[in-house]
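*Asks:* Here are the chains, one letter per residue:
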Amino acid sequence: MGAGGAGEKSDKVLTCIRCPRGCRVTVALGAGGKVEAVSGNACPRGDSYARAEVTAPVRSVTTTVPVDGARDEGRVAVKTVREVPKGAVLDVVRALADVRATAPVEIGDVIARDVAGTGVDVVATSRAR
Amino acid sequence: MGESCYDVIVIGAGVCGCAIARELSRRRLSACVLEAEEDVCCGTSKANSAIVHAGFDAATGTLMARLNVEGSRLMGPLCEELGVDYDRIGSLVVCVDGAQRGGLDALLARGRANGVADLRIVEREELRALEPNVADAAVAALWAPTGAIVNPFQLTVALAETAAVNGVEFRFLSPVTGIARRPDAGWDVTTPSDTLAARVVVNAAGVHADELHNLVCAPGDRLEIAPRRGQYHVLDVTAGAHVRHTVFALPTRLGKGVLVTPTTGGNLLVGPTAEDIEDKGGVDTTADGLAEVVRKAALTVRGVPFSERIRTFAGLRAHQAGHDFVIGEVPGAPGFVNCAAIESPGLSAAPAIGRMVTGIVCELLGGPAEKDELLPRPAPIPDVARLSPEAWSALAAARPEYGRVVCRCRTVTEGQVVDAIRRPLGARSLDGVKRRVEAGMGRCQGGFCSPRVAQILARELGCDLAAVTLSGPGSELAVGTDKDAWAGAPGVPAAPGTPAPAAPAGEEASR
Amino acid sequence: MRRYDVVVVGGGPAGLAAAVAARAGGRRSVAVIERDRELGGILNQCVHSGFGLVTFGEELTGPEYAARWADAAAESGAEVLLGSMVLDVSAGPEGPAVTCVSAERGVERIGAGAVVLAMGCRERPAGALGIPGFRPAGVFTAGCAQRLVNREGLLPGREVVILGSGDIGLIMARRLTLEGAHVACVAELMPYSSGLKRNVVQCLDDFGIPLLLSHTVTRVEGRRRVEAVEVSRVDGAGRPVPGTGVRYPCDTLLLSVGLLPENELSRAAGVELSPVTRGPVVDDSLMTSVPGVFACGNVLHVHDLVDYVSQEATRAGECAGAWADGARGSGRTVPVVAGTGVRSAVPQRVDVARMPDELVVRLRVDGVYERRSLVARAGGEVVARRRRDILVPGEMEQVTLRREALLGLGGVDAITIGLEA
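Chains as they are written, first to last, in my numbering: chain S, 1 to 129; chain X, 1 to 511; chain E, 1 to 421.
Just so you know, not all the hints are guaranteed correct.
Listed below are several chain S residues computed to face chain E (Cβ distance under 8 Å; list not exhaustive) [to be verified]:
no. : residue
1   : Cys19
2   : Ser60
3   : Arg71
4   : Arg75
5   : Ala77
Listing some non-contacts, in silico: residues in chain S with all C-beta distances to chain E over 12 Å [said to hold, decoys possible]:
no. : residue
6   : Ser10
7   : Thr15
8   : Pro20
9   : Gly30
10  : Glu36
11  : Gly40
12  : Arg51
13  : Gly69
14  : Asp72
15  : Gly74
16  : Val92
17  : Arg94
18  : Gly119
19  : Asp121
Negatives, chain X to chain E, calculated, CB over 12 Å [to be verified]:
no. : residue
20  : Glu126
21  : Val326
22  : Arg355
23  : Glu363
24  : Pro378
25  : Pro389
26  : Gly442
27  : Gly447
28  : Glu476
These aren't lab readings, by the way, just hints derived from the structure by calculation. Here a beta-carbon is modelled for each residue, glycine too, at the ideal position from N, C-alpha and C.
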């Protein structure tokens with residue numbers, strides 16, 4: 001990235017990560033880094049991925065947190081309910097370093113709200129009973 | 001410390017040290033075994049060919065020849081008594097060059113002179129019937145029906161357990177750092193934590209035996225042990241039946257060959273190289289060494305399926321220029337008894353070495369009385385894979401942990417792992433469990449079971465999971481917990497591309 | 001002896017989908033035998049997302065995907081035997097049977113109308129590679145490390161080198177980075193990644209972790225704990241090039257160097273195995289060479305995507321159920337042959353008279369190819385064709401055979417699938 005500010009036209013080639021197919025997507029950047037066209041994507045997800053990736057890239061974050069009071073499980077898996085800015089990924093895991101869950105936990109239970117100031121909640125993706 | 005005085009201190013808990021300890025435990029005396037590592041069977045005894053040589057190799061008249069033949073004779077009954085896996089499958093020394101078959105005749109004559117029973121030469125036809133995968137070029141072989149395979153881990157553990165239940169003390173993580181003659185008589189033996197006194201010291205320190213010897217010997221009587229490395233390939237049990245016997249190569253002008261043998265666990269073992277190295281901890285494998293084994297195996301056995309390999313390893317033999325065992329009281333060092341330079345066939349000879357060294361020790365101690373009886377080793381841990389369904393069900397009904405399989409490759413249950421830990425001189429590490437019940441020794445090499453075995457170790461030993469080790473301090477399973485980096489340095493993320501700082505919980509792991 | 005219409009060996013994604021299908025809304029009795037204390041298999045430690053787009057139309061994490069199938073199995077009424085290890089599968093005149101052991105019931109034999117093998121796969125261990133050097137603590141398969149991190153909350157190491165670019169290795173590169181470790185590089189023996197392209201992007205590129213293609217680890221240093229590894233370039237034949245070694249100080253070496261179908265039970269049962277896939281040879285119903293014994297998922301051949309495992313397992317469950325009901329094929333099958341550029345194709349045999357209207361053949365190519373067509377031919381006639389811009393061994397391909405097209409040819413002796421321009 002970074003070529004956009006120069007005001008020249010350029011192409012950027014990306015591998016779409018929205019599904020396992022991994023389409024090679026070409027983004028035509030116009031003056032000022034404006035996206036003029038997206039090609040090579042097999043589905044609309046590729047288009048939205050490519051547009052976001054060259055302007056404001058985002059990622060979902062998955063990790064685990066310890067759970068107290070469960071019979072078998074020592075930890076529950078968690079994820080951000082939607083993607084966060086790519087630059088905030090490490091902030092999210094750092095913010096979750098001190099978070100503990102308490103059993104019972106169901107899939108979808110909110111484990112942390114507005115994680116690292118991203119406005120995104122973190123929810124459980126596994127159960128603990 | 002140093003006020004109490006043992007009758008005997010044995011330095012080294014390999015197969016010889018433990019065989020000596022067991023023999024000593026028949027007598028009314030006090031004995032202690034000092035071991036540098038965290039467990040028995042951590043040096044040469046754990047990394048060798050796991051065979052019992054018939055005894056035709058060593059030069060007639062040497063201590064090596066006598067103790068090999070005697071040890072080979074004792075080994076079967078000993079393993080039977082101790083519940084150790086042993087199989088007298090026989091061995092073949094294969095000649096692949098008609099011009100050299102005189103070498104077989106020479107081996108035959110030597111073997112007979114050494115007192116090896118039932119040796120004979122088998123010709124091509126019979127050889128092929130005995131060993132269908134022998135190389136096409138094979139012309140004849142020396143057939144030694146008394147050759148055998150043995151589980152060296154089980155043997156060493158069983159010898160040590162028997163000694164322990166009969167009163168011999170074992171101290172692990174106790175490397176000997178000094179030996180000094182006491183003013184009256186006997187020796188002070190120093191470890192990092194203690195100085196212990198003993199009337200007699202037995203030096204069974206494997207590749208390090210020369211270092212101890214040289215602390216006490218006369219200036220002109222120094223011993224030098226050169227570690228001789230042997231590299232091996234271990235193949236999965238799917239390849240275990242590729243040969244039926246231990247197949248040696250007749251040494252030729254081009255050098256000594258490698259052996260191909262089944263193991264008592266049903267694997268195929270191929271090796272070793274013979275490389276004189278400097279480093280007494282140099283149990284690393286090399287690309288050249290491993291390739292040499294592959295090349296040489298093909299000379300005597302066709303189609304060894306190396307694609308079924310599950311592990312490679314290297315061990316060190318305690319080689320000494322005289323190429324004979326060095327056993328006996330060191331001149332000028334009364335009460336310091338060597339059991340040194342025990343290179344191949346040391347495992348085969350171990351039962352006889354145990355008796356011989358104990359005889360020397362007892363004479364020095366003035367003939368301590370024999371006990372009325374030697375307590376048997378605690379019953380071997382049940383091997384569920386060999387039980388009938390009824391017997392296994394009964395065991396699981398009595399102890400449910402025997403119904404929970406943790407190692408799927410070797411079919412080892414939680415019950416076996418628990419018992420391996422709870423026994424006298426029980427396992428303290430993943431390798432300790434592996435040596436006792438084979439969890440992690442199969443085709444996945446612990447990839448599946450090691451976290452589960454580690455959990456059982458942590459529970460039984462009362463330690464953190466992160467503190468469980470592969471093979472003693474410094475080999476912890478983990479360096480800390482997953483959140484260390486963030487919890488230890490709040491607000492200071494380690495940027496990708498820079499190593500994270502060591503966090504406090506890392507210390508916890510090394511407790 | 002207990003008896004079920006269908007017994008499924010393994011409660012991972014393959015076993016669960018097979019069980020749900022075999023149950024057929026309650027028409028048949030089904031048991032799933034799982035050695036762990038929970039269902040879902042390896043998915044439970046795959047906390048990352050990327051599962052379920054095909055099956056559920058949304059991107060789920062591993063535990064979520066597993067939970068959906070575990071719930072579906074429970075709703076279907078399939079019986080689940082947890083903590084039960086299958087020791088033996090055999091086929092007798094009475095049909096197949098399995099022997100298993102558990103703490104609760106000891107060793108027991110369970111009869112079945114049909115058995116579905118769904119044991120999954122295992123990781124190729126370090127020992128199989130024969131990497132020169134020492135054998136200290138700190139060498140883990142990627143999946144073992146994944147379990148330690150995601151289930152036990154441990155950090156296996158702080159400075160990490162990864163050998164092999166399999167998907168689990170790539171995923172663990174990111175996972176360890178997120179937990180504060182530093183991943184120095186991923187070395188891959190082949191000139192291409194063996195994992196999915198998107199994992200290279202989101203697990204390596206995102207964190208600036210170099211992927212060293214045509215490289216391997218040529219030495220492990222450290223007697224108690226890994227202290228360093230040497231990484232060398234390899235030539236076209238995969239042999240290390242002398243003098244190219246670079247020493248990476250590290251405390252951990254992770255291996256992601258291949259998955260091996262776990263077929264010890266199958267082999268002991270007399271099931272014919274393919275030397276290429278290392279899984280059973282199956283027909284279009286996913287039945288092995290042993291009548292009444294079926295196979296699906298990673299025990300049959302290693303998949304990239306769990307969604308396709310679920311699809312395949314659903315068919316295995318349906319066909320196993322039909323077999324238990326008494327349905328039989330025509331008795332005549334023709335081979336599916338891996339042709340030019342194709343390394344393996346599953347199923348390996350097709351009963352054209354019995355096959356479904358559309359049959360998916362899954363395959364892997366033997367190298368990297370651009371702009372080719374996957375073409376299935378029978379008696380010289382093209383029966384299926386699929387255009388691909390790029391084909392790599394790390395990504396499973398598929399071709400759909402149509403029953404109508406094959407029947408239309410009259411007699412068919414063999415179906416060959418190969419790459420064409």
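*Asks:* If a hint holds in the structure, say so; if it does not, say that too.
*Replies:* The hints, checked one at a time:
1. Cys19: 5 Å, holds
2. Ser60: Nearest chain E Cβ about 6 Å off; hint holds.
3. Arg71: 10 Å, violated
4. Arg75: This hint holds: Arg75/S lies near chain E, its Cβ roughly 5 Å from the closest one there, short of 8 Å.
5. Ala77: 4 Å, holds
6. Ser10: Ser10/S clear of chain E: closest Cβ-Cβ about 19 Å, beyond 12 Å.
7. Thr15: 5 Å, violated
8. Pro20: Pro20/S is in fact no farther than 12 Å from some Cβ atom of chain E, at 5 Å.
9. Gly30: Correct as stated: the minimum Cβ-Cβ distance to chain E is 24 Å, above 12 Å.
10. Glu36: The assertion about Glu36/S holds, with a minimum of 23 Å to chain E.
11. Gly40: 9 Å, violated
12. Arg51: 16 Å, holds
13. Gly69: 16 Å, holds
14. Asp72: For Asp72/S, whose nearest Cβ neighbour in chain E is about 7 Å away, the distance does not exceed 12 Å, so it is violated.
15. Gly74: Label violated. Min Cβ-Cβ 7 Å, cutoff 12 Å.
16. Val92: Incorrect as stated: the minimum Cβ-Cβ distance to chain E is 9 Å, not above 12 Å.
17. Arg94: Violated, because the least Cβ-Cβ distance between Arg94/S and chain E comes to about 9 Å, which does not exceed 12 Å.
18. Gly119: Answer for Gly119/S: holds, closest chain E Cβ roughly 19 Å.
19. Asp121: 15 Å, holds
20. Glu126: 32 Å, holds
21. Val326: Per Cβ check, Val326/X is outside 12 Å of chain E; nearest 27 Å; holds.
22. Arg355: Consistent with the label, Arg355/X stays out of reach of chain E, its closest Cβ about 34 Å off (over 12 Å).
23. Glu363: 39 Å, holds
24. Pro378: About 23 Å separates Pro378/X from the closest Cβ of chain E, which puts it past 12 Å; holds.
25. Pro389: The claim breaks: Pro389/X does not keep its Cβ more than 12 Å from every Cβ of chain E (closest is about 4 Å).
26. Gly442: With a cut-off of 12 Å, Gly442/X comes too close to chain E, as the shortest Cβ separation is near 9 Å.
27. Gly447: About 4 Å separates Gly447/X from the closest Cβ of chain E, which leaves it inside 12 Å; violated.
28. Glu476: 7 Å, violated
When held up to the earlier numbered hints, the structure conflicts with 3, 7, 8, 11, 14, 15, 16, 17, 25, 26, 27, 28 and fits the remainder.
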